[in-house]
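Asks: For the protein sequence lines, the chains are A and B, in the order given.
Sequential numbering of the first sequence, starting at 1, is according to this note's numbering.
Sequential numbering of the second sequence, starting at 1, is according to this note's numbering.
Hints were generated in silico from the structure; no laboratory data involved.
Ideal placement from N, C-alpha and C gives every residue a C-beta, glycine not left out.
Hints are supplied without guarantee of correctness; some may be wrong.
Stated by the list, open to error - One-sided and incomplete, this derived list gives chain B residues near chain A with beta-carbon spacing under 8 angstroms:
{"hint": "1", "residue": "D149"}
{"hint": "2", "residue": "S173"}
{"hint": "3", "residue": "Q184"}
{"hint": "4", "residue": "I187"}
{"hint": "5", "residue": "A190"}
{"hint": "6", "residue": "A191"}
{"hint": "7", "residue": "L192"}
{"hint": "8", "residue": "G193"}
{"hint": "9", "residue": "F194"}
{"hint": "10", "residue": "N195"}
{"hint": "11", "residue": "A202"}
{"hint": "12", "residue": "T276"}
{"hint": "13", "residue": "V285"}
{"hint": "14", "residue": "L288"}
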Amino acid sequence: MTELLRVEGVTKRFGGLVAVKDISFAVKAGEILGLIGPNGSGKSTVMKCIMGIEKPNAGSVLIDGVNVAGWPTHRIARLGVGLVFQHSHPLQRQTILEHIKLALLPDSLLMLVADHGVTKRAEEIAERVGLSRVRNRLPRTLPFADLRRLELAKAIARNPKVVLVDEPFAGLTSAEVADFSDLIASFRADGHAVLLVDHNVKGVAALVDRVKAMYLGEHVAEGTAEEVMTNETVRRVYLGGKIETASRPERKATGGTPLLAVNDVGVLYGKATALENISIRVDEGEFVSVVGLNGAGKTTLFNAISGLVPYSGTIQWKGQALSGMTAGGIARMGIVQCPETRELFGDMSVRENLELGGQHLSVADAAVQLAWLFGLFPRLKERERQTARTLSGGEQQMLAIARALMMRPKLLVLDEPTLGLAPVILEQLSKALETLRQTTDITVLLGEQNVTFALPHADRVYVLEHSRVVWEGAPDRLAEEAGAGLL
Amino acid sequence: MFRSRTFLLVVPALVVMALLPLGVGGYILGLLTLAYYYAVFAMSWDLLFGFAGEVNFGPTFLIGVGAYAAALLNHYQHWPIVACLAAGSVAAVVAGVVLAVPALRLTGPYFGLVTLVAVLLLQNILVLFAGITGGEIGLDLPDVLAIDDTTNYYYALTFMTVSGAVLFGLTCSPVGLILQASGQNAIEAAALGFNVTKHKLAAFCISAFFSGLAGGMLIFYLGTASVGTVVDIAVGVNVIIAAVLGGRRTIIGAALGSIFLIAAGELLRPLGQLSTFVVSAVALVVILFFPGGFLGRLLHTEGSE
């Protein structure tokens, strides 16, 4: 079989950060290679280098023997590389069929009327990916899975020699995953070379012929899925040290006024109930976790506490009602929320982001706080001068938490800090939280759907389900009493 | 469906416009003539903003180059009007390419800023070389399109209809589809094998051609070329407001917006200085609350099952 894609010694630097370091691999016709690595491993950058979206600093990218390193994207695409994007950004006013037709058009300025064959071909492709039912609908009326199908359809339309697929199964249900696996396998059957880029081996193991693992921009292992999964370095990168349930000396319940008391709070979004009769309490120095699936109401609860949404019932801070206070006023009192969307200043450096968080501190205090945070998150120290936008997802999360801590909160509200992060990052976050718990008197309210992450860091746990609190208690009792629905 | 609905709206409107000279006076025809030229400015601008996804803050750069090239050739060389118009259009396209080739390498708001600076430069040059260009006072032209209101009106209506048909047809064609894809997500368009810069540059040239030609037609209608009518930033702002008011990415909306702006300015004339304020306030409200403009909702299908 001929080698359709060969990556040789590709290196990509962003400023001082080496995102990809001397990576080499090859994919033959009719073969699927999985390129895996945790967040920030550089796998997406490799993919972008192949597609020409990023220009590699060194090395070569051979497409069927032609070195395309440094070429503009559209020429690489025309030579026979297709990219299935993870997030689709479809045109708003064109139907599904028109999108597929677009992918079939030549790059010509004189194409004023598409010939009839194009429509016919587009319909065939829609049929193949299972979109013919909805071919005349607009993208925004379609569910996520259909938009991913559309991305596949566009790749099929270009009939590329090399197909790059970015996180093929992200956000899909198991039934949809099976469909997509079949479609991707059909690329292989047609003799295309396929590169799947994903977080972990398990997701793609059934589909790939070989796997290459990366970590922090470097090659870690290559082989069959089986071999890579048993590789010791890979295991260490992925599984890290086990997250342990660190219990700490029992804190005496203060018994007095809780730091935060949420009583009978309800929130309505229009007519939809987002929260119903929620009552929780957080005592000074406690780590309280609120666990629940997506849409259970965690973020809404936190937004109510931060004064960002109107609510019924009362929320008290040290016995004093918070209703009527502005979000800014609540933050100044010491309740600092670190939202799941992170809300970093993307064009500012890590240091500038942190300094903004410490605006209200004196220069000397801010310096002390900054030094402490760099100790807590050594990765941020390394990236001090880098702009926040260029950080990996895990690093951005660390920065978001660090920035919140710069404000010296009394109560830190963390909303889904683990969202979309690889295990190795979870471990680092976990360590940082544990340090906070052991060495400071900060109070933390953590919202998580990742129960295994939430439990070790909790003195008490609330389980939120369909806008209500359905269980509360100590973390070690959760598994037997409420675990069935969660773990 | 898109087509048929558009035609149902546009064809009757054009018939009414064509019959207007039978019923209204010269003054109103004069206003509408002006509005139709503005309509071409705005439609050309929408091709860039709505489809290529580039905000050209200086539509009057292209308009002005076309208009003044035509005016200078007519004033000094006494070329016939048709030759002047052709030369003006070519000049606008050349100036557009000279501006766009470097500017399209920039991303985000920088493209817009370059186009804005270009207008200021053009305005300054025209004022600096007042001896040749007539400066602030303007350059009077030996020739005019016609002296009769009705004839001028039909010139403008025909010109607007043809330009609109060409621009609208273009946006419905495969090339228009590629252009939209390039404008909305350049990386994805490039990954599909389209040379994004080439398509945007082509759109810029087409926009420049119609802007320059319309600028030339306008001055030959007015009989004089002046900075205040074809170059001033305020003219450009009106063009932009007209296009956004009418509905982004619709082409025809831009024409509607232009006619509305000029008609509203006239109806509110009794308010004096206040009229500009009222028109601007209406524009602001539409942009804030109905970013789709007049035609945003009307023209676009919701897709079918």
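Asks: Each hint: holds or not?
Replies: Evaluation of the provided hints:
With its C-beta approaching chain A no nearer than about 37 angstroms, D149/B sits outside the 8 angstroms limit, and its interface hint is violated. About 5 angstroms separates the beta-carbon of S173/B from the nearest beta-carbon of chain A, less than 8 angstroms, and the hint is met. The interface hint given for Q184/B is met, as the beta carbon of that residue sits about 6 angstroms from the closest beta carbon of chain A, less than 8 angstroms. For the restraint placing I187/B at the interface with chain A, the shortest Cβ-Cβ distance is roughly 6 angstroms, inside the 8 angstroms limit, so the hint holds.
Restraint check, A190/B versus chain A: the minimum CB separation of about 4 angstroms is within 8 angstroms; hint holds. Contact between A191/B and chain A, as hinted, is supported at the beta carbon level, the nearest pair being about 5 angstroms apart and thus within 8 angstroms. Below 8 angstroms, beta-carbon pairs count as interface contacts, and L192/B has one with chain A at about 5 angstroms; its hint therefore holds. The interface hint given for G193/B holds, since its Cβ lies 4 angstroms from the closest Cβ of chain A, which is under the 8 angstroms cut-off.
Satisfaction of the interface hint for F194/B is found here, the shortest Cβ-Cβ separation to chain A being roughly 5 angstroms, below the 8 angstroms cut-off. Below 8 angstroms, beta-carbon pairs count as interface contacts, and N195/B has one with chain A at about 5 angstroms; its hint therefore holds. Restraint check, A202/B versus chain A: the minimum CB separation of about 5 angstroms is within 8 angstroms; hint holds. With its C-beta approaching chain A no nearer than about 33 angstroms, T276/B sits outside the 8 angstroms limit, and its interface hint is violated.
This hint is violated: V285/B has a C-beta 23 angstroms from the nearest C-beta of chain A, more than the 8 angstroms allowed. Taking 8 angstroms as the C-beta contact cut-off toward chain A, the hint placing L288/B at the interface is violated, the least distance being around 20 angstroms.
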